Amino acid sequence: MNKSDLIGALGKKENLTERQATEAINSIFKSFADKLKKGGRIEIRGFGSFVVRDYGSYAGRNPKTGGTIQVTPKKLPFFKVGKELKERVNSGA
Amino acid sequence: MTKVDIIQVVHDKLGYSKKDSATIVESVFDIMKETLASGEDLKISGFGNLVVKEKKARKGRNPQTGEEIEISKRRVLTFKSSQVLRRAMNRE
Chain A
173 MNKSDLIGAL GKKENLTERQ ATEAINSIFK SFADKLKKGG RIEIRGFGSF VVRDYGSYAG
233 RNPKTGGTIQ VTPKKLPFFK VGKELKERVN SGA
Chain B
2 MTKVDIIQVV HDKLGYSKKD SATIVESVFD IMKETLASGE DLKISGFGNL VVKEKKARKG
62 RNPQTGEEIE ISKRRVLTFK SSQVLRRAMN RE
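Chains as they are written, first to last, in the working numbering: chain A, 173 to 265; chain B, 2 to 93.
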């Protein structure tokens, strides 16, 4: 399922026009991205949480050439699946 | 940020009542959960992909007792953030 499928499914379920469903989905994911950009945390009960992890600088390798390169510090989003979703995914329910 | 804050965003930005905003937000998460529970991946461009992965059964150990145990096959969820999001997060 991609973003347009999600928009379609939301529109159908809540009787929204395509434009309304698009606005709703876009504003939700934009608010997520804005929060993560500020280093914040998103926690949705039953679904999971997104947190920002800080990675320091380390010596890595260019997999193509084998040469050593210095990887600069970076921030990455990390998702921890919530209990309910974890169980549903595993049981296929 | 929790569901309450997301409902507030939908209410403020799109002008739905609090009640309708809550219904919409709940619906979005319900649809996403149903999709992932059915084993289908979720790909949100500009944000990232939630991917259902099949893990094979393997032998493991109880780290407390050292006893060998069988870890049964299972499905797990992994998140791969989009490059757009990663770039935005690392821009100073």
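These are computed hints drawn from the structure, not numbers from a lab. Predicted model only: the values in this text are computed from it and were never measured. Some hints could be false.
Calculated cross-link-like contacts (lysine to any residue; reagent style SDA-like; alpha-carbon spacing at most 20 Å) [as the list claims (entries may be wrong)]:
(1) 209/A to 85/B
(2) 20/B to 209/A
(3) 4/B to 224/A
(4) 4/B to 195/A
(5) 258/A to 84/B
(6) 209/A to 83/B
(7) 252/A to 54/B
(8) 246/A to 92/B
(9) 175/A to 211/A
(10) 202/A to 84/B
(11) 252/A to 20/B
(12) 20/B to 246/A
(13) 175/A to 39/B
(14) 209/A to 46/B
Each pair of labels, with its calculated beta carbon distance range [unchecked claim]:
(15) 198/A to 67/B: 45 to 55 Å
(16) 250/A to 20/B: 46 to 56 Å
(17) 47/B to 191/A: 28 to 38 Å
(18) 18/B to 236/A: 15 to 25 Å
(19) 234/A to 20/B: 16 to 26 Å
(20) 61/B to 246/A: 25 to 35 Å
(21) 227/A to 20/B: 37 to 47 Å
(22) 238/A to 56/B: 27 to 37 Å
Using N, Cα and C, we set each Cβ at its ideal position, and we do this for glycine too.
**Report entry** Pairwise hint evaluation, residue 224/A against residue 4/B, where the allowed Cα distance is 20 Å at most
**Finding:** The given pair, whose Cα atoms are some 18 Å apart, holds under the 20 Å limit.
Report task. Could you tell me whether the CB distance from residue 18/B to residue 236/A stays inside 15 to 25 Å? Result -> Violated: the Cβ-Cβ distance is about 55 Å, outside 15 to 25 Å.
Query - residue 252/A paired with residue 54/B [C-alpha distance capped at 20 Å] - result: Between residue 252/A and residue 54/B the Cα gap is close to 14 Å, so the pair holds against 20 Å.
**Report entry** Outcome of range test on Cβ distance (residue 234/A, residue 20/B; 16 to 26 Å)
**Finding:** violated (54 Å)
**Report entry** Given pair status - residue 20/B, residue 252/A, alpha carbons within 20 Å
**Finding:** violated (28 Å)
Query raised in the report: Are the Cα positions of residue 258/A and residue 84/B separated by 20 Å at most?
Result: With a Cα-Cα distance of about 25 Å, the restraint between residue 258/A and residue 84/B is violated, given a limit of 20 Å.
**Report entry** Verdict for residue 250/A, residue 20/B (Cβ pair) under range 46 to 56 Å
**Finding:** violated (33 Å)
Query raised in the report: Can the suggested window of 45 to 55 Å be confirmed for the beta-carbon pair residue 198/A and residue 67/B?
Result: Taking Cβ atoms as reference, residue 198/A and residue 67/B lie about 52 Å apart, which means the hint holds.
Requested in this report: Mind checking the alpha carbons of residue 202/A and residue 84/B for me, to see if they're no more than 20 Å apart?
Outcome: holds (15 Å)
Query raised in the report: Holds or violated: are the alpha carbons of residue 209/A and residue 46/B at most 20 Å from each other?
Result: It holds: about 16 Å lies between the C-alpha atoms, which stays within 20 Å.
Report task. Could you say whether the range 28 to 38 Å given as a hint is met by the Cβ separation of residue 47/B and residue 191/A? Result -> Hint violated: Cβ distance 18 Å, outside 28 to 38 Å.
Query raised in the report: Taken at face value, is the distance from the CA of residue 83/B to the CA of residue 209/A at most 20 Å?
Result: Holds, because 13 Å separates the two Cα atoms, which is no more than 20 Å.
Taken one by one, the earlier hints fail for this structure at numbers 2, 5, 9, 11, 12, 16, 17, 18, 19, listed in ascending order.
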